[in-house]
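Undergrad: Construct the entire structure; sequences and hints are all you get.
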Amino acid sequence: MWSFFHKLGSPPWLYGISGSILRWLLPLTLLALVAGMVWGLLFTAPDFRQGNSYRIIYIHVPAAVVALAGYYVMALAGAVNLIWKMKMADVAMKAAAPIGAALTFIALLTGAIWGKPTWGTWWVWDARITSMLILLFLYLGVVALYEAFDNKEAAGKACAVLSLVGMVNIPIIYKSVDWWYSLHQPASIKFTGESTIDPSMLYPLLLMITAFYALFTCCLLMNMRAELLRRESRTNWVRKLAQGAGRG
Amino acid sequence: MYFQSLNELLHMDGHGAFVWTAYIITIAVIAVILVAPLRRQRGFLRQLAGELRRQQGDASSPGDN
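Chains A and B are the protein sequences, given in the same order.
For the first sequence, the numbering used here assigns the number 259 to the initial residue and increments by one for each residue that follows.
For the second sequence, the numbering used here assigns the number 64 to the initial residue and increments by one for each residue that follows.
Hints were generated in silico from the structure; no laboratory data involved.
From the three backbone atoms N, C-alpha and C, an ideal C-beta is built for every residue, glycine too.
Be aware that one or more of the hints could be misleading.
To spell it out: a stretch of chain B is covered by chain A in this simulated footprint if at least three of its residues, at any positions, have a beta carbon under 8 angstroms from a beta carbon of chain A; those stretches are [what the hints assert, rightly or not]:
#1 68-78
#2 82-88
#3 91-98
#4 101-115
TA: Put into structure tokens, the structure is as follows:
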């Protein structure tokens, strides 16, 4: 167990293992994304109330779900860095922020496009949408704050504190559709009780949610690898890699 | 397949413009977040390789590894 944590702190080990994970996870992710999109766009019946516009659900919901999950990853990595000063946690936190921002952007944008034919408006300042916008600003805030510091150790600490404080927004996003009267529909998939979505629509949606989780993992690992090389540029293993890449 | 023709698929009873725009932008964003780290990594390795070559070529300042 401890040897695992010890290895986790070793950049060349992490670089190697993430490379071998990506070799199979990345193609699988792309396959799942394409399959899910084709399934949702071509092989499901339209919603009886919303018509074909509901097909946006297959990207909107997965993006939003993983944008929230990604925030946990970022804040948790920040906390680990603060408490145990694990450098790899700092790398993970920095890597998670831009992906989370991109996913939140997708959720907001597809939501706006879905809102136009369904609600008759691109945007409403309701609780769910506003709290998601705050999530986007939190992600962008972490990215910007990291760049603002010359001392990267201080940057890591400041970003960890920012992301931990921002955690307060997460339950607000989850509960916003229940706490406030809103245009946004409540969750269709429930862990407890019956889901209010037909299985023919549920399965492609679950596939897309899985695909987006895998996408987040792939991007996280790839961002971490790029960051690891930058931080370790003076070490022998990175120099050997660079010489190999220079020849190729 | 639900749609009878390509035209129907593109039009989606008037919702086509919304649905396709949403999907195209999403695919573009996904492409960016997948390609950006790979480009960054490749660019960094190439730059470092160049620096190392220069260091090795220059006999007056040997590499510090």
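Undergrad: Would you mind marking each hint as holding or not holding in the structure?
TA: Each hint tested on the structure:
Counting residues of the segment 68-78 of chain B whose beta carbon lies closer than 8 angstroms to any beta carbon of chain A gives 5, which reaches the threshold of three, so the coverage claim holds. Note: the segment 82-88 of chain B has 5 residues with beta-carbon separation from chain A under 8 angstroms; the three-residue rule is met and the coverage holds. Remark: the segment 91-98 of chain B is confirmed as covered by chain A, as 5 of its residues place a Cβ nearer than 8 angstroms to a Cβ of that chain, reaching the required three. Against chain A, the segment 101-115 of chain B contributes 11 residues with a C-beta closer than 8 angstroms to a partner C-beta. That satisfies the three-residue criterion, and the hint holds.
No hint from the list above goes unmet by this structure.
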